[in-house]
Structures are given as C-alpha cells and as structure tokens.
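Visitor: The lines below spell out each chain.
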Amino acid sequence: MTDRRLFLAIALTTTFALSGCIDDEAMDYCKNHYRFHPQHRGDIATLTVNLDETGTLTSELVLPYAHFGATQTSARRELSRIANRMSNGQKLYTLQSAEPCSESAPSPGFNSTGLRVTATADCGENNKVEQVDVPLLDTLPELDEIEVEMTTPATKKHFAISRQCDHPLFRLNH
Amino acid sequence: MNGLLRYFAAGPDKPALTDTAEIDRLYRYHRRNIVFIITLCYGLGYVCRLALNVVKKPLMDAGLFSPEEMGLIGSMLLYGYALGKFSNGFLADYSNVARFFAFGILMSALLNFGMSFSTIVALSAVLWALNGWFQGFGAPASVVALTQWFGNHERGRYYGWWSSAHSIGEGLTYLGIAFLIAMPPKGLGLPWQWGFWVPATICVIAAWLLLRYLQDRPQTLGLPSVAQWQGNADTSSAAGTTTGGASHSAASVWKDQLKVIAIPSIWVIALASSTMYITRYALNSWGNVYLQEIRGFDLFDANLFIFLNTAAGILGCIAYGYVSDKWFSARRPPANLIFGLMEVVPLFVIFYGPANSYVLAAALIVYGFGLSGILASLGGLFAVDIAPRKVAGAAMGFIGIFSYIGAGLQDYISGVLISNSEMKVVFSHGAQSQTVYFYDYSTPVLFWVGASVLSLLLAASLWKVKGHD
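Quick mapping for you: the protein sequence lines, in order, are chains C and Y. Taking the numbering used here, the leading residue of the first sequence gets 93, the next gets one more, and so forth. Taking the numbering used here, the leading residue of the second sequence gets 789, the next gets one more, and so forth.
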C-alpha cells in the first residue's frame, strides 16, 4: 500500500466511524432529550434543594396535576394519596453526614400547579453532608422524570433524572 | 537488540555532493519541509498529551474516577515527561530524529488508545506515565533537527515558529476534541472514549508524516553541515551529531554543571518556577473542570475559555523578550514583576471576580499573556542570564525538573483537595442509580492562587541579581 493510499484509508475509516456513530446517537432519547424538555417541562416533577453555609438543607418537591390525571380532580385524588404517604413519614431524601442532622417531616400542601412538599434538615455548620439519597423514583413509581435544581455554598446544578437514561441529563434547553 | 538500536541511530554519511546548485536546492527544500513538519507534528502530538484534560469531567461524572484518582493519573504524565525531558535529550543527540520522533509519537498514540479501555486507576496511571515519557521525545528531536539544519544566527527565528506548535496542539485539543465530546448542539456528544481515539489517530498520522518528510542529518544525504553550507567557520555548533571525540572534557563539563546547584539564585528561580508551574498546570488540567463544576459552563465553553489563555500565551512569550530587552536593557526582574502581576491579578478576577463571561474571558487572556511571559523568564531566560554560559543547559534542566515536579504534585494535591469536598446526590430507581457530584473548589483555588503569589514574591526577591554578560 502506498503512503497516499494508507493516509486515505485512515482518513476514510475515521470519517465513517464518526458519521456512523453520530447517526446511531441521533436516535438516542437521552442524547436528544434537551430538544423536547422545554415542551414537557410543565408535566414533570421538580425538586429544588438548597444547602446553605450554616448546614441547613431546604427542599421543595412539586408534583404537577398535569402528570397525574386527565383532569385536575382526578389528579388531585391521586396526589392526595401521595400527600398522605408523605405525611406518614415517607421521606424526600435521606442524608449521610459525619454527625446526624435534625430533620423535619415532609410537609405537603396543594397550590395552583399541584402538590407541593417541603422539608428541612439542619446539619450544623461544621457537619459535612457527604451524601444525599433521593429515592423518589422508587417511592413514586408514577414519576418518569424529575427536574432538579440544587444549590450548595460553592455551586448550583440544574439537571434532570429520567428512568430511561443511565446518567443525569445536564442540558435541558436548546 | 543491536538491529533495533541501529534503526534508531543517526544514519551514516553519504559521499559528499559536489554540485553547488544541487546542494542549495536540496538544502532549501528540506529546510522548508523540516520547519513545517516539526511544527505541525509537535502540535499534532501535543493532542495526545492533553486528551485527558478534556475528558476529565465526563470520567468524573460517570463515576469512573474520583478527582483524587484523576489527579494521580494526571500527575504521572508530568513525572514521566520530566524524566523524559532529562533522558531523551541525550538519546536524541545520537538518533535519526525522524524515527526517534515518530516512534515517540506512535507510542503516545498507542497509550492514548489504551487509556480509552482502562477504568483501573493503577493501569491508567502507568499508561499515562509512559505517555509522558514518550511525549518527551518530541521536543529534543525537534531541537536537534533545528540545530542540524539551521545555523546559529537564524535558529531563534525558526525556534519561535516551532514554539507556536504548542498552540496548535492546545487549539486542536481544547476546541477540536472538546467539540467531539461536548453535548449537541455545540458538539457531537460522543462518548469519552473518543477523546482518546481521535488524538490517537491524529498521532498515528503525525508519526507517518514524520517518517515520510523529516530528514536525518544533512550529511546522510551527502550534504555538507549547515555551517559549511552557510560558509560559517564554526562548524562545531551545527555538526549535527555528537561524537565521542569530546569525551576528554566530559568530566570537567560535569564538574561545571554541578556548580549550578551552588548558585543560590538558581534555587530561588527553581522554586519560583516550580510554584508558577503549579498554577499553570492547575489551570490547564483542572481549569475546564472548575469552569464546568463551579461556574456552570458546558464542556465546550469551558474548554474554549482555557484555549483563550493558552492562545494569549504566544503573544506573552514574544512580548516578554521584547519588553525585558528593549525597556529594561535585558534586566529581567522589572519585566518579571510586570508580567508576574499580569498573571496574579487576573487570577483574583477569574476566581473571585464577577460572574460575567466577558470579564472571565478578558481575565483569562491577560493571565495567559502574563503567565507565558514569566514562564519564558523563570523557565529559561533569567536562569540562562544568571548561570555561567557553558552550564546554561544544566541550569535549564535543573529548573525544568523542579518545575515538572511542582506541576505533578499540584495535579495530585488538587485532586485530593477536590475529592475531600465531594458531596454525592444519588437518585435510585430499582437496581439502578444515577449520581450527581458536587465539589467545593475554594481550597484548591486558594492553593493555585497562593502558589502564584509565592512565585511572584520569589521572583521579586531577585530584584538586584544581575546576569552574566
């Protein structure tokens, strides 16, 4: 094989490999999720978590009527059952930290968009929170996806967790 | 074994050509090829050195490596490179530079390919250390090629051209490879493995180009040495190969070289350079991760910002030489102070300044400009001024080793500091779970900025030191 042919072979193989991969990936739901997320945003659950410098963690889960029934009445019936479970001790999250945190029970209530559940935990200023376990996709099988916004003293991250994907989705807009 | 060594050894001289016109034609042709090919291929080869920096965040997000493990792997390249710089310089003097350079770059390609399959820390660390060592083949081979084909009076100019290769490599990596990995629509969203496969392919092509177009010594083509061709009586500087003929003076050269470590200013410069390398490599290897983790930029934009700093570096390097020579009559300390401040002040803006993209871009450009200037001084010019001329190389080597040890330690220490701040948020569903990692960079940032401040103070402490003329 001449040098020129070898060079062409490498270039073509690389191009084909790249284009083949791109075509496959174009069909992938998780990869293209950002394209349609703005359209279904109103139908999915949102979780907002804020951990401040004093070690206080506040969280708010909103479960929209639109996801739980064809009408607001039927959705409210379904959401009331969830609210009961929350009132009876079903947690939004569990915390792992060096010292135990004092946690309040989730507090559910309805508003114009759906069920709003809030919870607070006080971990103390020098007590590092090492892990937050969020079992919502296990405890609420009705949910397919949760949009999460989490703020810590250092940074803020906005992402979605979908059952259909094996990794968090960080790009949520065009 | 002997056959292998013969393959890499500089070729034998061919019978000397006598046709002056033919000699001129061949010299012009090969010189043009050589300066182009070493610049292009050193730049292409650089991609195989930086690949890990671009895929660091995807690897951390996938939970394959922790920041501490990434730091360990990254530091191994720098230790390997430091060792390679030391050993390969000696080897390159005796080699057919085309084969030597091509072999290094080809091995680097294979190691990048290997990295794409490794999720084991120890294996990745070994592969990346070897990559560092093979990356160290390129610079000495390029410099030897320049000395073989270009005379003393013109080498600086071509050396400057060759130096721009770093930016070719950084541009290709921080823009090109980032484009492959970044999510659409800014990038192709390819899996992280492509961040190693494409650099490996680029390096294979570079190795082929080197074998095809880079020439061995002029004498192996029947040409005279460059000094003879240019009518320069001092043929020793451009003879091209090192022979054993000078062995009688080797002991005395070694004794002189040892004197370098007895010069206190060289130690101060070595420490200043080492602390400056901490910041330099912190920004290059963790900067894009910081911009993604803390400032919320996507992978493509974060790498674009880092590219701005490296691109500004080309101008900084050139400007430092001009400013110190023309404005301060070749006194380096005043220029060190100016460029040092241009490096340190933007660091405060980058890490503690307003959250505005334009301010960040401007600060990174000024930082890159200042850093490259002070790098040119502490890593070379200032040391060469202070050290006796005949042991300038030893002074450079001494400072180089210190610098890369600083850079390597930085990578690991940064990784440990980042890992210590880790907080995980785990979303479980059935047997699966998805994890989002949160880090606090305030301690690493303090380490990076503090290192630069210390470097500036150390460099300023040499205000009254004068160079040898």
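FYI, nobody ran anything at the bench for these hints, they're computed from the structure. It is possible that part of the hints are untrue.
[As the list claims (entries may be wrong)] Simulated crosslink set (DSSO-like; lysine-lysine; CA at most 27 Å straight-line):
1) K183/C <-> K1212/Y
2) K220/C <-> K248/C
3) K123/C <-> K1047/Y
4) K1212/Y <-> K1047/Y
5) K248/C <-> K974/Y
6) K1254/Y <-> K220/C
7) K249/C <-> K1254/Y
8) K123/C <-> K1254/Y
9) K248/C <-> K1212/Y
10) K249/C <-> K220/C
11) K1212/Y <-> K1114/Y
12) K974/Y <-> K249/C
[Claimed, not checked] Non-contacting residues of chain Y with respect to chain C, defined by C-beta distances greater than 10 Å in every case (computed):
13) V823
14) T907
15) H941
16) S1216
17) G1218
18) V1224
19) D1228
[Stated by the list, open to error] Here chain Y is said to cover these stretches of chain C; the calculated rule only asks that three of the stretch's residues, wherever they fall, bring their Cβ under 8 Å from a Cβ of chain Y:
20) 163-169
21) 237-246
22) 257-263
All of these numbers come straight from a predicted model, not from anything done at the bench. Every residue gets a Cβ at the ideal spot worked out from N, C-alpha and C, and that includes glycine.
Visitor: Could you check the structure against the hints above and give me the numbers of any it violates, in ascending order?
Guide: Going through the list in order, the structure violates hints 3, 4, 6, 7, 8, 11, 16, 17, 18, 19 and 20 and respects the others.
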